[in-house]
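Colleague: Spelled out from the first residue to the last, the chains are:
2 protein chains.
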Amino acid sequence: MEILRQRILQDGRALPGGIIKVDSFLNHQLDPNLMMEVAKEFARRLEGRNINKIITIEASGIAPAILLGYVMQLPVVFIKKKTPKTMSDFYVTEVHSFTKDRWYTVCIAEDYLSAEDNVVFVDDFLAYGNAARGAIDLCTMSGANLEAMCFIIEKGFQGGGDQLRREGYDLISLAIIDADADGQIKFRD
Amino acid sequence: MEILRQRILQDGRALPGGIIKVDSFLNHQLDPNLMMEVAKEFARRLEGRNINKIITIEASGIAPAILLGYVMQLPVVFIKKKTPKTMSDFYVTEVHSFTKDRWYTVCIAEDYLSAEDNVVFVDDFLAYGNAARGAIDLCTMSGANLEAMCFIIEKGFQGGGDQLRREGYDLISLAIIDADADGQIKFRD
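Residue numbers (my numbering), protein chains in the order written: chain Y, 173 to 361; chain H, 173 to 361.
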């Protein structure tokens, strides 16, 4: 997706430790027009599939997911990182965050994910694939079919995406960054 | 906002402990069309004000905020509940969560909130007003002007909104629930 690549080159920064800093437009401050273009591109690539629901994970996945839900006219469910008092029956799994360097519990209410569902998972970043694995776990527990997984930026150099592809998952990544060794961002063709 | 009230009556539930359960359309599963109508209504009520930025707090505020950003063509910044490794200079304050019964740290990067900004704060719920107080703190620290605060549902019976109004803050609440004593939801006129 060319406008996304241009924006990453213009406003993104590769920091030591494999961090791609895009908080001026993607995961702290958000550019709603870029986000809408991202959502439309996801929708275009998902055309013709019989998806009935979008799932994402709080917090940075919510913005692209709600816009994709609006474009595709589908409900959106966001996986929560805590078990709220207001929810009783849910599927729960554990996810490791590389950026925050800790494990956390994620959950989704049984009411909103079931064997009737054919879902797409949306997130801002794919790095080692830990959040994606959490979504896979929750789909497996509920019996939902995970039709595809959509990411705005894939950090190809961290390998999570390629491993998921080898396992047969259908991944849609709008920009795959393959190297940041010298602090320069290089996209996979 | 009539369609919101109808939806709350149809799909919401008043639970013991002052909890209004709306997770089928508002804060776990999201109805993107209702969210878009909410955003348009916020935009209508904010018309003519010189707002240059929308701020919200993760996670449930992000969906209405990004849609409002899209409708008003303004950038959105979401206040984070952790201090990420990828951010260095930020304003930090403490917020108490009634629902989760704990204190947590919230922050916003100095790059994205400053004395140049005239902002509106958006969130899904206003209850005791704790998240709103966090946003007020961060605006005060940065020198930003907090022009108005927008909420989808205000739990009037918990008093946070009325206290903020007494202090002079400009609140836009699309549905104010004033009583749930008998498990019935009653709206303020």
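Any given hint could turn out to be false.
Given that identical chains are not distinguished, each listed pair holds provided it fits within a single copy or across any two copies.
What the hints assert, rightly or not - Using 30 Å as the maximum straight-line C-alpha spacing, the simulated DSS-like pairs for lysine-lysine come out as follows:
1) 254 <-> 193
2) 272 <-> 358
3) 272 <-> 253
4) 193 <-> 253
Since the hints were made in silico from the structure, they are not lab data.
Colleague: Determine for every hint whether it applies to the structure shown.
Modeller: Outcome of the hint check:
no.: 1; hint: 254 <-> 193; result: both (26 Å within a copy, 16 Å between copies)
no.: 2; hint: 272 <-> 358; result: within (24 Å within a copy, 42 Å between copies)
no.: 3; hint: 272 <-> 253; result: both (13 Å within a copy, 12 Å between copies)
no.: 4; hint: 193 <-> 253; result: both (22 Å within a copy, 18 Å between copies)
In the structure shown, no violation is registered for any of the earlier numbered hints.
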